[in-house]
Structures are given as structure tokens and as C-alpha cells.
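Engineer: Spelled out, the chains give:
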Amino acid sequence: MRKRYLALRVASEQPVSERDLTSAFWNTLLQLFGEYGASQVGFGLIDYNPQKGQAIVRCSHKALEMVRASITSITEINEKPAAIHVTGVSGTLRALRKKALS
Amino acid sequence: MRKFVDLHLRPSIENLDEMENMVRKSSELGYHVVGISLPPDIKRDEISQLQKICRDSKMDLVTRLDFVPKTRRELLDNLRRFRRRFEVISVMCTSKTIARQAAKDRRVDLLSFPSTDPRGRFFDDAEAELASKALSSLEIDMALLLSSEGFSRIRLLSCLRKEVAIAKRLRVPVVISSGATHKHLMRGPHDYASLAFLFNMTPPLALRALSEDPLAMVERNRGKLSPDYVVEGVRIIRRKNDCPDV
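Residue numbers (my numbering), protein chains in the order written: chain A, 1 to 102; chain B, 1 to 246.
I should point out that these hints are in silico values taken from the structure, not numbers from a laboratory.
Treat the hints with caution; some may be incorrect.
[Claimed, not checked] Quick partial rundown of chain A residues pointing at chain B, CB under 8 Å, derived from the structure:
1) Ala69
2) Thr72
3) Thr75
4) Pro81
5) Ala82
6) Ala83
7) His85
8) Val86
[Stated by the list, open to error] Far from chain A by the CB rule (all over 10 Å, computed), these chain B residues:
9) Arg10
10) Arg24
11) Ile47
12) Glu129
13) Lys133
14) Lys168
[Said to hold, decoys possible] Here are the computed lysine-lysine pairs in the BS3-like style, where the Cα-Cα straight-line distance is at most 27 Å:
15) Lys52(B) with Lys25(B)
16) Lys99(A) with Lys25(B)
17) Lys62(A) with Lys98(A)
18) Lys52(B) with Lys3(B)
19) Lys58(B) with Lys25(B)
20) Lys168(B) with Lys3(B)
21) Lys25(B) with Lys3(B)
22) Lys58(B) with Lys52(A)
23) Lys3(A) with Lys52(A)
24) Lys80(A) with Lys25(B)
25) Lys3(A) with Lys62(A)
26) Lys62(A) with Lys162(B)
27) Lys43(B) with Lys58(B)
28) Lys52(A) with Lys25(B)
29) Lys52(A) with Lys99(A)
30) Lys70(B) with Lys104(B)
31) Lys3(B) with Lys224(B)
32) Lys104(B) with Lys168(B)
33) Lys99(A) with Lys62(A)
34) Lys98(A) with Lys3(B)
35) Lys52(A) with Lys98(A)
36) Lys104(B) with Lys162(B)
37) Lys98(A) with Lys3(A)
38) Lys98(A) with Lys25(B)
39) Lys133(B) with Lys70(B)
40) Lys58(B) with Lys99(A)
Virtual Cβ for every residue (Gly too), placed ideally from N, Cα, C.
Based on the sequences and whatever the hints tell you, model everything.
Structural biologist: Printed below as a string of C-alpha cells:
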């Protein structure tokens, strides 16, 4: 299965833990696409730096649009206003780190 | 490079700090042109102040006025009074009469439908045909989609899907805007394009709705508001004193 890696920037008024980020993502994905859709995305959190608010996630390349739409739809994390911006997308981790996090 | 446009920021005009933050955020997200909803009685020096804020963030400000008329008469009166003072005029269509009048009036740039209820949205074939002749565009505020949830979001997505299909068939330009009242509702142009996937807009079409289509509208209106504009296709290129042979 081909994969896509996404670099994210988390903007929130309060610190966001890895657990909160993952559960916010899954909740939105389930709301938008249901369990059948969620089972197809192959989502995984690869790297997260809460201090810088930077994260890298992985998904199936066929589900890229679904994952981007879900990430964009997140407006709250832990009942506090938040936004997650996709800063880069790549087919390899190395290229993504070079492109988005440099 | 593609120039992205967010034609609908709705910060509080009294709070200049918040406005500055939102304009800066818009610039960080990759936009070059930003439209801010202004009150009709705004003064020239206040607009200059806003232009300075935008210039500092390397953004181009588009002055915009949103009408929420209750009657057809009110819409026509407002258009007559304010059309020449603002670069973009949007009409929030809250009834079918207003929607039809707004769609056929060439002074209206954007048709907006604030309701998530299908009965409160009037963008059907007839509306689209009128809009297509009058060169008005259908505006989709993404804040409405981001802030709704559950059944109201399901209804909204279903309406947007139908409206986008009608707009595409009858060649009505679609403009995607943020409609954000605070910075947590703002997203980058590519993020909006991926959200537009939810109502069947392909990424190239969505990106056009965030760049070429709104930009063409702004440029057309700026041309019309310039003192050199006479009528469609005719403009003054030189005045009496500038002509060496006269």
C-alpha cells in the first residue's frame, strides 16, 4: 500500500497532548466518514512535538483527501478552540522532513 | 505563482489588534488578497488604517459590504447608495424574492446563503441562470461548514453538493471564502480545497474558486470603480491635457 506523510502544525490556546490530538483526529474522521471510511485511511501518528506544535502523520495515498478534510475540520481539541494546518505532504518521510519542517 | 484570495474575513472592526492578527494569519496561510466585511458607514481614514495593516503583512485589502436585506426595495436602495463605495458587494439571501433580485442585478457580486436548512437556500436552476447572466458568483463560507455538526452539517453538505453541481452546469463561478470571525476558523487554501472534496469539488476547481475566480471579480470591479471607466469595454486612456496633439 502506497503511503502519504503529512506535516501538521497544531494551533491551540492550551498545550495539546499526543492522546488528545489522536482522539480529536479519530472523532472527526468518524463523524465525517463513519467507521467504514475510517477503516480505509491507514492513519498513524509518526511524530509529535507538543512544544513546537508540529506533527507528522501517515495515511494511505488513496485516503489523502479524506484525511486532509478531517484534519481541516478539527475546530476543537479538549473542548478548547484549535486548528490544525497541513504544512506539507510527501510520499517519503525524508522528503517531508526536508520540505516542511526545515 | 498562484495568488490566493480570501474574500470574507469577519473580524470585529473595533478591535484592531484582532484584525491585525487575522490579517497576519491570513498572510502566513498563503493568501495574497483579503476581503474584510466593513460597516456601510465606515470612514475613509478607517479604511486607510486597514489598508496600512494589510500592507504591513504584504496583503492586498478588498473592501467588502454584506447586505442582509429584508425586502427587495431595501436591497435596491442599498445597492444604489453603496455600490460605488465598496469593491465587493455580497447579498445574504434570506428569502426567495431577495435571492432572485440579487441574482439578476449586475451590481451584486456574491450570492451568499447563510442557512444550513435546504428550505433556506435558494440556489436552484432558475437562480443560477440569472446569476450567470449577471456575472454574480455563488459564495461558500467555509466557517459555516466548520462550525456546524451532526444533522445540520449533513444537510449543509447535501445542499452544497447540489449547488456546486448546478453552478458548474450553468457556469456560475463559485467563490470559496473563510467567513471566519476568529483565527481558529481560518485555514489555508489547500486545506479548504480538501474540505471542498466533501461537496464534490475537485481540487483544481476548488483552487480556482480560491484564486482565479475571486481575483477576476476584484479586478473587474476595481476597473469599474476607477475614474477612467465609462461603460463595459470603454475606458478613458488619456484626458484633454494629457493629449500632446490637441
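Engineer: Does each hint hold? Answer for all of them.
Structural biologist: Going through the hints against the structure:
Against a cut-off of 8 Å between C-beta atoms, the interface hint on Ala69(A) holds, since the closest Cβ of chain B lies about 5 Å away. Residue-level restraint check for Thr72(A) holds (minimum Cβ-Cβ distance to chain B is 4 Å; threshold 8 Å). Annotation: interface hint on Thr75(A) holds; nearest CB of chain B at approximately 5 Å, less than 8 Å. At about 4 Å, the closest approach between the beta carbon of Pro81(A) and any beta carbon in chain B falls short of 8 Å, and the interface hint on this residue holds.
At a threshold of 8 Å, the smallest CB-CB gap from Ala82(A) to chain B is about 6 Å, leaving the interface hint in force. Among the interface hints, the one on Ala83(A) holds; its C-beta lies about 5 Å from the nearest C-beta in chain B, closer than the 8 Å criterion. The restraint placing His85(A) at the interface with chain B holds, with a minimum CB-CB distance near 6 Å, inside the 8 Å limit. Hint status for Val86(A) relative to chain B: holds, with the closest Cβ pair at about 6 Å, below 8 Å.
Against chain A, the non-interface label of Arg10(B) holds: every CB pair exceeds 10 Å, the least being about 16 Å. With 10 Å as the threshold on Cβ separation, the claim that Arg24(B) sits away from chain A holds: the shortest Cβ distance comes to roughly 13 Å. Consistency note on Ile47(B): stated as away from chain A, and its beta-carbon is indeed over 10 Å from all of that chain's, at 29 Å minimum. Listed as a non-interface residue, Glu129(B) keeps its Cβ farther than 10 Å from every Cβ of chain A; the least gap is roughly 31 Å.
For Lys133(B), the condition that its CB be more than 10 Å from all CB atoms of chain A holds, with the nearest at approximately 34 Å. With a closest Cβ-Cβ approach of about 18 Å to chain A, Lys168(B) is found to remain outside the 10 Å limit, as its non-interface label requires. The straight-line distance between the Cα atoms of Lys52(B) and Lys25(B) is roughly 16 Å, inside the 27 Å bound, and the hint therefore holds. With a C-alpha separation of about 21 Å, the suggested pair Lys99(A) and Lys25(B) falls inside the 27 Å cut-off, and the hint holds.
Using a Cα cut-off of 27 Å, the hinted pair Lys62(A) and Lys98(A) holds, with the two alpha carbons roughly 23 Å apart. Taking the CA atoms of Lys52(B) and Lys3(B), the gap is near 20 Å; set against the 27 Å cutoff, the hint holds. A threshold of 27 Å between alpha carbons decides the hint, and for Lys58(B) with Lys25(B) the separation of about 12 Å falls inside it, so the pair holds. Restraint check: the Cα-Cα separation between Lys168(B) and Lys3(B) comes to about 22 Å, which is no more than 27 Å; the hinted pair holds.
A C-alpha spacing of about 16 Å is found between Lys25(B) and Lys3(B), which places the hinted pair at or below 27 Å, so the restraint holds. About 25 Å separates the Cα atoms of Lys58(B) and Lys52(A), which keeps this hinted pair within 27 Å; it holds. For the given pair, Lys3(A) sits about 25 Å from Lys52(A) by alpha-carbon distance, which is consistent with the 27 Å threshold. A C-alpha spacing of about 19 Å is found between Lys80(A) and Lys25(B), which places the hinted pair at or below 27 Å, so the restraint holds.
Between Lys3(A) and Lys62(A) the alpha-carbon distance is near 8 Å, which keeps this suggested pair within the 27 Å criterion. Taking the CA atoms of Lys62(A) and Lys162(B), the gap is about 25 Å. The hint holds against a cut of 27 Å. Between Lys43(B) and Lys58(B) the alpha-carbon distance is near 23 Å, which keeps this suggested pair within the 27 Å criterion. This hinted pair checks out: Lys52(A) and Lys25(B) have alpha carbons roughly 17 Å apart, not beyond 27 Å.
Distance check on the hinted pair: Lys52(A) and Lys99(A) sit about 17 Å apart at the alpha-carbon level, within 27 Å; holds. Between Lys70(B) and Lys104(B) the alpha-carbon distance is near 17 Å, which keeps this suggested pair within the 27 Å criterion. Taking the CA atoms of Lys3(B) and Lys224(B), the gap is about 21 Å. The hint holds against a cut of 27 Å. Using a Cα cut-off of 27 Å, the hinted pair Lys104(B) and Lys168(B) holds, with the two alpha carbons roughly 18 Å apart.
Between Lys99(A) and Lys62(A), the direct Cα distance comes to roughly 22 Å. Compliance with the 27 Å bound is thereby established for this hinted pair. For the suggested pair Lys98(A) and Lys3(B), the alpha carbons sit about 25 Å apart, so the restraint of at most 27 Å is met. Our distance criterion of 27 Å between C-alpha atoms is met by Lys52(A) and Lys98(A), whose separation comes to about 17 Å. The suggested pairing of Lys104(B) with Lys162(B) holds, with an alpha-carbon distance near 21 Å, which does not exceed 27 Å.
A C-alpha spacing of about 17 Å is found between Lys98(A) and Lys3(A), which places the hinted pair at or below 27 Å, so the restraint holds. Between Lys98(A) and Lys25(B), the direct Cα distance comes to roughly 23 Å. Compliance with the 27 Å bound is thereby established for this hinted pair. A C-alpha spacing of about 24 Å is found between Lys133(B) and Lys70(B), which places the hinted pair at or below 27 Å, so the restraint holds. Restraint check for Lys58(B) and Lys99(A): satisfied, since their Cα atoms lie roughly 24 Å apart, inside the 27 Å limit.
Violated hints for the displayed structure: none, as all numbered hints are satisfied.
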